[in-house]
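My request is simple: use the sequences and hints to build the entire structure.
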Amino acid sequence: MTKGVLLYCFDTPEVSYSTITDRCISLIQRNLNLPVTVITDADTKGRIKSNCATRVIDVEKSNTKLTKPWYNLERHLAFDHSPYDRTAVMDVDYFCYSDKILRLLQSDNDFLVHKSAHEVLNMKEMRYDREAMLDLVWATVLIFDKTPRTRAIFDTVKLVKENYAHYCNLYRITYKNFRNDYAFAIALNQINGHREYDVIPDSIATVRADAEIIELKHNGAVIKYKDKIISLQDQDLHFLNKDIANV
Amino acid sequence: MNIDQLKEISKQSYDASLQKANALKKAESDQILVYNNRIFCADAETICFVRTVSEGRSSFFMLDRNSNPVEITDPTEFLDLLLQRNQSALNTYHQLYQNIKNRKV
Numbered sequence: 001m002t003k004g005v006l007l008y009c010f011d012t013p014e015v016s017y018s019t020i021t022d023r024c025i026s027l028i029q030r031n032l033n034l035p036v037t038v039i040t041d042a043d044t045k046g047r048i049k050s051n052c053a054t055r056v057i058d059v060e061k062s063n064t065k066l067t068k069p070w071y072n073l074e075r076h077l078a079f080d081h082s083p084y085d086r087t088a089v090m091d092v093d094y095f096c097y098s099d100k101i102l103r104l105l106q107s108d109n110d111f112l113v114h115k116s117a118h119e120v121l122n123m124k125e126m127r128y129d130r131e132a133m134l135d136l137v138w139a140t141v142l143i144f145d146k147t148p149r150t151r152a153i154f155d156t157v158k159l160v161k162e163n164y165a166h167y168c169n170l171y172r173i174t175y176k177n178f179r180n181d182y183a184f185a186i187a188l189n190q191i192n193g194h195r196e197y198d199v200i201p202d203s204i205a206t207v208r209a210d211a212e213i214i215e216l217k218h219n220g221a222v223i224k225y226k227d228k229i230i231s232l233q234d235q236d237l238h239f240l241n242k243d244i245a246n247v
Numbered sequence: 001m002n003i004d005q006l007k008e009i010s011k012q013s014y015d016a017s018l019q020k021a022n023a024l025k026k027a028e029s030d031q032i033l034v035y036n037n038r039i040f041c042a043d044a045e046t047i048c049f050v051r052t053v054s055e056g057r058s059s060f061f062m063l064d065r066n067s068n069p070v071e072i073t074d075p076t077e078f079l080d081l082l083l084q085r086n087q088s089a090l091n092t093y094h095q096l097y098q099n100i101k102n103r104k105v
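Protein chains in written order, with the working numbering: chain S, 1 to 247; chain Y, 1 to 105.
Because the hints were derived from the structure by calculation, they are not lab data.
The hints are all genuine.
Okay, derived cross-link-like pairs now, DSSO-like style, lysine-lysine, Cα gap no bigger than 27 Å in a straight line:
(1) K100(S) / K20(Y)
(2) K226(S) / K11(Y)
(3) K7(Y) / K224(S)
(4) K7(Y) / K228(S)
(5) K20(Y) / K228(S)
(6) K20(Y) / K124(S)
(7) K11(Y) / K224(S)
(8) K20(Y) / K217(S)
(9) K25(Y) / K228(S)
(10) K242(S) / K124(S)
(11) K217(S) / K49(S)
(12) K7(Y) / K226(S)
Spelled out as structure tokens, the structure:
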């Protein structure tokens, strides 16, 4: 069975995701030692310097986040894009400072996702249970096998994406821009018969968007927020602050 | 002590508490163990359960972290792996905790 990591990377006018992707890949190679395939567009491809497989697609550029371009509409195609039997799809701003994903890939759960995340600067759980009628999942990391059931999950995400306004009404989701976290939460809810499903048992350590990244090291990061400075090492981190491209 | 000194102590305590909470979250992630293709947490509860239930048994059943049943056919090996991962995670947590404590002092 082949195993590998699938990343989506599309530079925007504001953010050099290719720079972030290079950092992400160097950590994957260091801590997971897995092959990496990057799904990208023609413009971005030349800016990715890492040793990895790439596949160029025409990216759908209609979504925004806080009025800025947000190219996040391809994740539902991961089943078709992945060349691996067992795949870890990650956001490029999820930095693997540990081997946790490698351990999880050893399980035989055909689909895994995190259901909880916390902010490292205040240790509060990031909860959205008042903003929808279903539990959010974090599509930051997805682990999946290619099975008929996981195909059904991705097909449902596609269906949700195409009818997102309807599903927002149905589940009373207040956030109206397309968001993979909700799309996968809806798909998992539906495909699992509106019952519980298997999840990754820990919480994603998340660095908030307005935190300042002082230093990125080979084994962790130094982060500043207001007058607080913390140093985190050997634990996976999800950076919401896209300035990591410039650190 | 004046109010500024008291505020500084309070700030240092908050920072130490934040670092400790992050270190504990890291320890929880480090305790994730996949055995027989199922996900477990190498925490004290799991270790105690495995040690207790494996006494006098060559195999037994338990639940993984997602409440799926698993048959453990080599309790000794499983317990060894749980202890290794637990102690590795807590050793790191202990080191981080000592660093935090020393900085606070």
